[in-house]
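Number of protein chains: 2
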Amino acid sequence: MIKRINGSIENIENLTFNGIKEGKNGLGIVVCKGSVAGVFTKNKIKAAPVKVTMDVVRNGEIEGLIVNSGNANAFTGDLGLENSKKMALLLAEKLEVDEKKIAVASTGVIGKQLDMSWISNRFEVVFKNLGNNRQKALAFAKSIMTTDKFVKECAFKVDDAIVAGIAKGAGMICPNMATMLAFIFTNAHFSSDELQLMLNKVVERTFNTTVVDGDTSTNDMVLLVSVGNKKVDSETFEKALNEVCFDLAKKIAKDGEGATKLIQVIVEGAKNDEDAFKAAKSIVSSLLVKTAIFGNDPNWGRIVAALGYSNAEVDENLTLAFKNEEKVVLVERGKVLGNEEKARKLLEKSNEVQILIDLHKGNGKGFAIGCDLSYDYVKINAEYTT
Amino acid sequence: MIKRINGSIENIENLTFNGIKEGKNGLGIVVCKGSVAGVFTKNKIKAAPVKVTMDVVRNGEIEGLIVNSGNANAFTGDLGLENSKKMALLLAEKLEVDEKKIAVASTGVIGKQLDMSWISNRFEVVFKNLGNNRQKALAFAKSIMTTDKFVKECAFKVDDAIVAGIAKGAGMICPNMATMLAFIFTNAHFSSDELQLMLNKVVERTFNTTVVDGDTSTNDMVLLVSVGNKKVDSETFEKALNEVCFDLAKKIAKDGEGATKLIQVIVEGAKNDEDAFKAAKSIVSSLLVKTAIFGNDPNWGRIVAALGYSNAEVDENLTLAFKNEEKVVLVERGKVLGNEEKARKLLEKSNEVQILIDLHKGNGKGFAIGCDLSYDYVKINAEYTT
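Sequence lines, in order, name chains A and B. Taking our numbering as reference, the numbering of the first sequence is continuous, increasing by one, and the terminal residue is 386. Taking our numbering as reference, the numbering of the second sequence is continuous, increasing by one, and the terminal residue is 386.
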C-alpha cells in the first residue's frame, strides 16, 4: 500500500536535521545513521563534494549529510577538496563518527573557494538546533535552495514504512546543466547494494527524463539513505521510491528558472523504447517548442521538426495532440486537422500541458518532462553572479 | 588573389534576379544557367522544396531558382510536393527550360499549404522586373528574409572571377533548428561534381560550425551555382568560397534572433580536432553561457561545466580567456586568476567576444560560432505564428 502523506522527512523518526539560509548562502545538516546509495553527475569536471560523497557511497555507510548553497565548490582544485573534507570533519567530530561516513553536497557558483569561516561559524548554530519537526524540515529544504522559487519535498507511506525526499531544482530543465540535488530517506531496511540497484532503476525513469542525463552540472547528486528497520518487500518499495522521485522531478521541472508551464511529452508507437525516449527528449529540449508553449502558440510544426532531428525513426505519418483536462488532436496519421485555435485555448487554460505523440512505428513508449522558456529565464541567468 | 568587394550577386554579369516582400510573405527569383551543387538538411522530416531541389542537384544542371518566405511548405504531404513542383514549373515555362532544372526553396511556418494564387500572382510581377543591379540584389535578399534583421550578403574577387552569396538566418544559432538558406554564385567554371566536393568541405568548416549540424530545420539548404567560364584553380577557389561561407555564417550568427553579441569559441590543445569541435560546440550551445554573455557576466564556471559535459577529453588543467581587442585570461592551466572584473569590462565594451580555450591535451583545434540569448529571443519565438 503506497499513500502520499503530508510533509516530508519529519515523518521519519530516526532523523534529525536543520538548516539556515542567509542571502545567497545556506547550510543544512541531516543526521542519518544507516546505509546509503547515490547517483552522481556524469560531467567530467566533478565538484569536490561529489568526489567526497562518491567515496562515502562506495563504502555504503553514512552517519550524516552536510550541504551548502551559494558556492558549488567546483573547479577549486586541491584546496576545494580539502575544504569539502573539512565540512565532513565538522559534522564527524560533533557526532564522534568516522569522517568517511559523512556525505557532502554543494550548489552555487563555480570556481570560487568556499568561505570556510562562514561555514564553520553557521555550522555551530545549525548543529545546536538539530531536531525533527515540520519547521526543521523546511529549514533544511530552504537552506539548499538557490534560484528555486518553492520548496520541493514529499513523503509517501509504503506499508508500515515511510519514504520522504527533499530536492533543489536545476537552473533550467533540459538541455542544460545547473545543479540538481535530491536527498531521499526511508525507515525501511535495505542494504546499500539493494538501495543502489533500486535507485539506479528509478532515477533512469524519473530524474533522467527531466534533467540529469549527459548534460549534468558539476555537482548533481541524488542520495538514498535507509535509517530504519521496517520490513518492506523491495518491489513495493521501488514503486514508492518511484513516486517520490517522480514527484520531485515534476516539482523541479515546474520550477525551472522562469518557467510558467510544466511540459510532459509522452511518445507512443515508437520503433522501440529508446527511440521513444529520444523523440520525447528532443521535443522537450527544443528552444523553439519551449518558447512557443510560453506564448500559448500551438506551433506544432516545431514539434514535428524536433522529431525529425531526434534520430528516432519518424516520418510524416504521425499523430500529435495537446492535452490537459481536454485533448486536442492537431495531426492524425499525417493529416493536419486545423485545430490550432482549439489548441491555443487549451494552452491558455492551464499551467500544465501534455504533448502526445504516436509515431505509428511499433510499441516503443517513453516520456520526458520539461518546462517552457520565458523572459524570466534570461533575466535570472544573465544576472546570476552579479 | 582573394579580395572582398562591395555588394553581392550583381557582380556576376550572367545572372538576373529580383524579389518582392509583402508582410510575412516573399518571393524571389534568380535566373542562373549552369552547374549546381548543394548541401541539405539532415532532418528526417524534409520540406517539399528540399526534395525537389535535391533532385536538381543530383542532375547537376540548373536554369533558375525560385524561393518563397513566410511558409516552409514542410509537413504538407503530396499537395505540398505538387505545389513545390508548380513553383518550379512557373519559372520553367517562362524560361522555356526543363522544370527539373529549377531549384526551389521555402522558409517560414511548418504545416500550412502554400497560398499558390499569391505565389503565381506575385511571380508575374517579380519575373517581369528581373535584372542585374544593386537594387535587384537587395530585393532578392529581402524577399527570402523571415525574422532576419539585416540583409546577409557578400562578394569576393578571386583572380578574374567573382564568388558572391546571399543568405537568410536561422531563428537561433545552435542548438536548435530554424531555417537557414544560402545561395552562392560564381562566374568561375566548375562541373557540378567539382562544386560539390568543394562545397562539402567548406560547409563543414563554416555553416556547420554555426547552425546546420544534426539539429537542422526541415528546410535548410546551401546551393552553389557556377554560371560562367572564368578559369580559377580549385584550391584558390575553395579559399574564396570559404571566405564567402564564413562571412555569411558570421552574419547569420550575429543576427540570431534577439542576439546582441557574436560569440566565437576557439579551442586549441584538444586531444584531436574532433574533440576540439565538440568542446567548442558544447560551449556555444550552452544556454547558461549564452545568457551570461548577454548579461556581460564573466561566469566562466558555466564554460567549464559545458566543457565537462562535452564528451571531449578535459580536466581542470585548462586555460580559458576572453578576447576582443584585448585579451583577459581567467584560468591559466587550472589556476583561477581572479580577473573577473577585467573580463566584465571587456564584455561590456564590444558586441563581439572570442572565448579562447586551451585544453593542454594535444594538438587538436576547432571553433564554433554563436550568439547570446536575450529577452528578445523569447519574445520573437513566443509570438511567431500569431
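Take the hints with a grain of salt, since some may be wrong.
Which copy? The list can't say, so a pair holds if one copy fits it or any two copies do.
Mimicking PhoX-like on lysine-lysine, the simulated pairs with C-alpha atoms at most 25 Å apart in a straight line are [what the hints assert, rightly or not]:
| no. | residue 1 | residue 2 |
| --- | --- | --- |
| 1 | K349 | K251 |
| 2 | K33 | K128 |
| 3 | K349 | K149 |
| 4 | K100 | K128 |
| 5 | K335 | K44 |
| 6 | K112 | K327 |
By construction, these hints were calculated from the structure, which means they are not laboratory data. Computed from a predicted model, the values in this text were never measured in an experiment.
Results for each hint:
1. K349 - K251: within (20 Å within a copy, 40 Å between copies)
2. K33 - K128: Classified as within; 18 Å inside a copy, 84 Å across copies.
3. K349 - K149: within (22 Å within a copy, 34 Å between copies)
4. K100 - K128: Within one copy only: 22 Å inside, 82 Å across.
5. K335 - K44: between (45 Å within a copy, 18 Å between copies)
6. K112 - K327: Between copies only: 22 Å across chains, 49 Å inside a chain, cut-off 25 Å.
Violation of the numbered hints given earlier is absent; every hint is satisfied by the structure.
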